[in-house]
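Participant: Heads up, the sequence shown is in the working numbering, so the first residue is 243 and it goes up one at a time.
These are computed hints drawn from the structure, not numbers from a lab. Keep in mind that the hints are not guaranteed to be accurate.
[To be verified] Here are the computed lysine-lysine pairs in the BS3-like style, where the Cα-Cα straight-line distance is at most 25 Å:
| # | residue 1 | residue 2 |
| --- | --- | --- |
| 1 | K432 | K390 |
| 2 | K270 | K421 |
| 3 | K262 | K390 |
| 4 | K262 | K432 |
| 5 | K432 | K271 |
| 6 | K423 | K271 |
| 7 | K381 | K432 |
| 8 | K271 | K421 |
| 9 | K306 | K262 |
| 10 | K262 | K423 |
| 11 | K421 | K432 |
[Claimed, not checked] Ranges between beta-carbon positions, derived for each pair:
| # | residue 1 | residue 2 | range |
| --- | --- | --- | --- |
| 12 | E357 | A274 | 34 to 44 Å |
| 13 | L365 | T280 | 15 to 25 Å |
| 14 | D360 | G308 | 18 to 28 Å |
| 15 | Q425 | G331 | 33 to 43 Å |
| 16 | G404 | M384 | 34 to 44 Å |
| 17 | N431 | D378 | 16 to 26 Å |
| 18 | A274 | Y353 | 38 to 48 Å |
| 19 | P326 | E279 | 13 to 23 Å |
| 20 | T302 | G272 | 27 to 37 Å |
| 21 | G297 | S372 | 15 to 25 Å |
Positions of the beta carbon are idealized from the N, C-alpha and C atoms, including for glycine.
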Amino acid sequence: MSVNIVLCGVGGQGTVLASKLTAAAAMKKGIAVKSAETIGMAQRGGSVFSHLRVGEDALTPMIKSGEADLIIGFEPAETVRMMPFLRKGGAVITSDRPVMPVTAALKGSDYSGAEMVDYLRQLEAKGDISRLVIVDTEKASMDVGSPKAVNMILLGAAARAGMLGEISIEDIREAMIAKVKPQFVEMNNKALEYVEI
Numbered sequence: 243m244s245v246n247i248v249l250c251g252v253g254g255q256g257t258v259l260a261s262k263l264t265a266a267a268a269m270k271k272g273i274a275v276k277s278a279e280t281i282g283m284a285q286r287g288g289s290v291f292s293h294l295r296v297g298e299d300a301l302t303p304m305i306k307s308g309e310a311d312l313i314i315g316f317e318p319a320e321t322v323r324m325m326p327f328l329r330k331g332g333a334v335i336t337s338d339r340p341v342m343p344v345t346a347a348l349k350g351s352d353y354s355g356a357e358m359v360d361y362l363r364q365l366e367a368k369g370d371i372s373r374l375v376i377v378d379t380e381k382a383s384m385d386v387g388s389p390k391a392v393n394m395i396l397l398g399a400a401a402r403a404g405m406l407g408e409i410s411i412e413d414i415r416e417a418m419i420a421k422v423k424p425q426f427v428e429m430n431n432k433a434l435e436y437v438e439i
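Take the sequences, apply the hints, and build the full model.
Facilitator: Below is the structure:
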């Protein structure tokens, strides 16, 4: 049985890398994987999301509406935007730290992300989300030593929670060591271990 995962965020957050590491970890274990990415018009600040289907019965990369088992959201509004993909009773791991879209900044919006997090909590209370993990990624990034570690912090949380199917935190670690520059391995290891679940 496949695990359907949607990863979403904005350009520059490492969404695509997190998807590629998960896919690489699956392939190394001999698990079939299909993936597709959509990158926003602006490389930095534009919407980015990946569909990742892990398992033998994953025949196509795209996840239909209402079929994702997990959403890993790097930005709260992007997480909410992807909610139509989540199956009823699916799980969500999200950052609580907003990245204000350029259009909102130009309009002088006061978007804080809190309303998005509140909405996700309401969905959990109604039973639409079976498990909601909200990570204070601003504090986590400071503790780990880099704002660029958000992707590994959230991926580590998903792996620790057993939300990636057969893919463990060790599998993600091996894929990360193989794909990132040696000078970033220690920081990314710290990020993977950051969230206690």
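Participant: All hints are to be evaluated individually against the structure, with a verdict given for each.
Facilitator: Going through the hints against the structure:
1. Distance check on the hinted pair: K432 and K390 sit about 12 Å apart at the alpha-carbon level, within 25 Å; holds.
2. For the hint linking K270 to K421, the alpha-carbon distance of about 13 Å falls within 25 Å, and the restraint holds.
3. Simply put, K262 and K390 have alpha-carbon atoms about 16 Å apart, close enough for the 25 Å limit, and the pair holds.
4. At most 25 Å may separate the alpha-carbon atoms for a hinted pair to count; K262 and K432 meet this at roughly 19 Å.
5. Straight-line distance between C-alpha atoms of K432 and K271 comes to about 23 Å, which keeps the hinted pair within the 25 Å bound.
6. Pair hint K423 plus K271 holds up; C-alpha atoms about 22 Å apart against a cutoff of 25 Å.
7. Taking the CA atoms of K381 and K432, the gap is near 14 Å; set against the 25 Å cutoff, the hint holds.
8. Annotation: proposed proximity of K271 to K421 holds, straight-line Cα distance about 16 Å (limit 25 Å).
9. Taking the CA atoms of K306 and K262, the gap is about 20 Å. The hint holds against a cut of 25 Å.
10. Between K262 and K423 the alpha-carbon distance is near 15 Å, which keeps this suggested pair within the 25 Å criterion.
11. With a CA separation close to 16 Å, the supplied pair K421 and K432 stays within the 25 Å bound.
12. In this structure the hint that E357 and A274 lie 34 to 44 Å apart at CB holds, the actual value being about 39 Å.
13. Between L365 and T280 the C-beta distance comes to about 23 Å, which sits within the given range of 15 to 25 Å.
14. With their beta carbons about 23 Å apart, D360 and G308 fall inside the hinted range of 18 to 28 Å.
15. Restraint check, Q425 to G331: a C-beta distance of roughly 41 Å satisfies the suggested window 33 to 43 Å.
16. For G404 and M384, the hinted distance range of 34 to 44 Å is not satisfied, since their beta carbons lie about 27 Å from each other.
17. One distance hint, 16 to 26 Å for the beta-carbon pair N431 and D378, holds here, with the actual separation near 20 Å.
18. Distance hint check: the CB atoms of A274 and Y353 are about 39 Å apart, consistent with the given range 38 to 48 Å.
19. Restraint check, P326 to E279: a C-beta distance of roughly 18 Å satisfies the suggested window 13 to 23 Å.
20. Taken as a hint, the range 27 to 37 Å is violated for the pair T302 and G272, whose Cβ atoms sit roughly 20 Å apart.
21. The supplied range of 15 to 25 Å is met by G297 and S372, whose beta-carbon atoms lie about 19 Å from each other.
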